[in-house]
Every structure is written in C-alpha cells, then in structure tokens.
Amino acid sequence: MTEVTFLDPRDKLHFSFHTTPFRKFVVFTLGTLFKPIMKLDVQGAENLPADGAVVLAANHVTNFDVIPMQLSIPRPIFFMAKSGLFKFPVFEAALRNLGAFPVYRGEKDDWALRHAARVLENKQTLGMFPEGTRSKGSGLRVAKTGSARLALDANCPIVPMAVIGTDNFFKRFPHRTLVTIKLLPPILPKPAETPLALMDRVMFALAKELPEPMRGVYAEVPKGFG
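According to my numbering, the stretch in the sequence shown is residues 907 to 1132, in order.
If you're looking for bench data, these hints aren't it; they were derived computationally from the structure.
Beta carbons are placed, not taken as given, at the ideal position from N, Cα and C, and that holds for glycine.
Any given hint could be a false lead.
Claimed, not checked - Distance windows between CB atoms, simulated:
| # | residue 1 | residue 2 | range |
| --- | --- | --- | --- |
| 1 | P980 | K1129 | 36 to 42 angstroms |
| 2 | L1102 | I943 | 34 to 40 angstroms |
| 3 | A956 | L1019 | 23 to 29 angstroms |
| 4 | E1126 | V948 | 26 to 32 angstroms |
| 5 | V1123 | H920 | 36 to 42 angstroms |
| 6 | L1084 | T926 | 28 to 34 angstroms |
My request is simple: use the sequences and hints to build the entire structure.
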C-alpha cells in the first residue's frame, strides 16, 4: 500500500466544496439574528452568475462584512480566513463546514492559493478581500493581485461587490443599520492581461460605487486608464 505524503498539515483536513446542512443552518440563523439590527439593501443581484466559477471581490471594512455578503446572494461563498481563527478544534471544524479555509497572512501562502484555485475548479464562488485586511474607515488600500491571478488562471469572471454600512453596526441601536450590498457587472480577463491591470480595473470599478470617503487610493482614475 502506497503511503500518502502530505506536503502541508492542512492537506489532512476535509474541506467541502458544496453547501453543507450545517452551513444552511448557520446562514438561516444569522439571517434571523441580524434581521432586528440590519436592514439589507441588495443591488445588482442579477450581475452574479447563477452558476460556474466566479471570484467575488469586495472591500473590507469590518469583521461583520462576510455576514451581509453571504445573506445577499443565494450561492455559497467560500472564503479565505486568517489562520488564527482555526486554532481551536471545534471552531476550526465549524469554519471548514462553512466553506472557510485558513491562510497565513503576511507571507505567500501557496497552500491557500491552491485551495482557492480548487474552489474555482469546483465551479463555486470564491470570496476575496483584495486589500488583504480591513480598511477600518481609512478608504480602499492598494489591492494585492491574488484575486486577479486566480481569475486569470481559471479564466473566470470577477464580480466586484461594494459593502457599505457595516461599520455602523450597533451605533444606532435599537434602530436597524442600513447595509448596502452592490454587485457590479462581471469583469472578464482580457487576452494577455496582467494580474495588476485586471486588479486595477476591478478596484476602480469598485471604488466608483463606494461613498467618496471610502474610495481611498482608488478615488481618482488616472488619465487614459482603461
């Protein structure tokens, strides 16, 4: 019998590439719990392909972003999540069942990139925060090119998603917080396009749909761009 060699400890873990019953339960529960505190306004839902591989590229304001993102679309979103969240076995198992997978931030994590590619190979929705971290109200930061590289390799569209209002959670309690999710038209890779060029197209499109204070380094489109 041939012994299987694992190149990374994460290879020993099971990750689902479909919606699990546990995930359905959690999404339903979150929708119920957040209904009294969040008024969700979803715009452009028709821009998300009904099936097939797609990269969902969103701005990142708070840790709550993933909740309205998932509640706004019918397709499950598979996310990278910082490795520190996977330290506790029970929580780690729950995250894997929810479609999350660990990434070591601050370094090139080849395993996380391979797993993200597998999500797309399984024709699922890969959720990405191109900035790599939360902006914390300071506006968009320079995006990393990982999302674009994955889309180019998979030859799949990127759908920019603008997330607005999550930084106001609980500030107006008992009044509900308005959270707006805008799904923009899919952006398809061009022949021979570089990851940086594709990522810039995505981020400038995303910035255009955000309030001016949230646009950050993408607030002004360079002359002749596009």
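Against the earlier hints, flag every one the structure doesn't satisfy and list their numbers going up. Violated hints: none; all satisfied.
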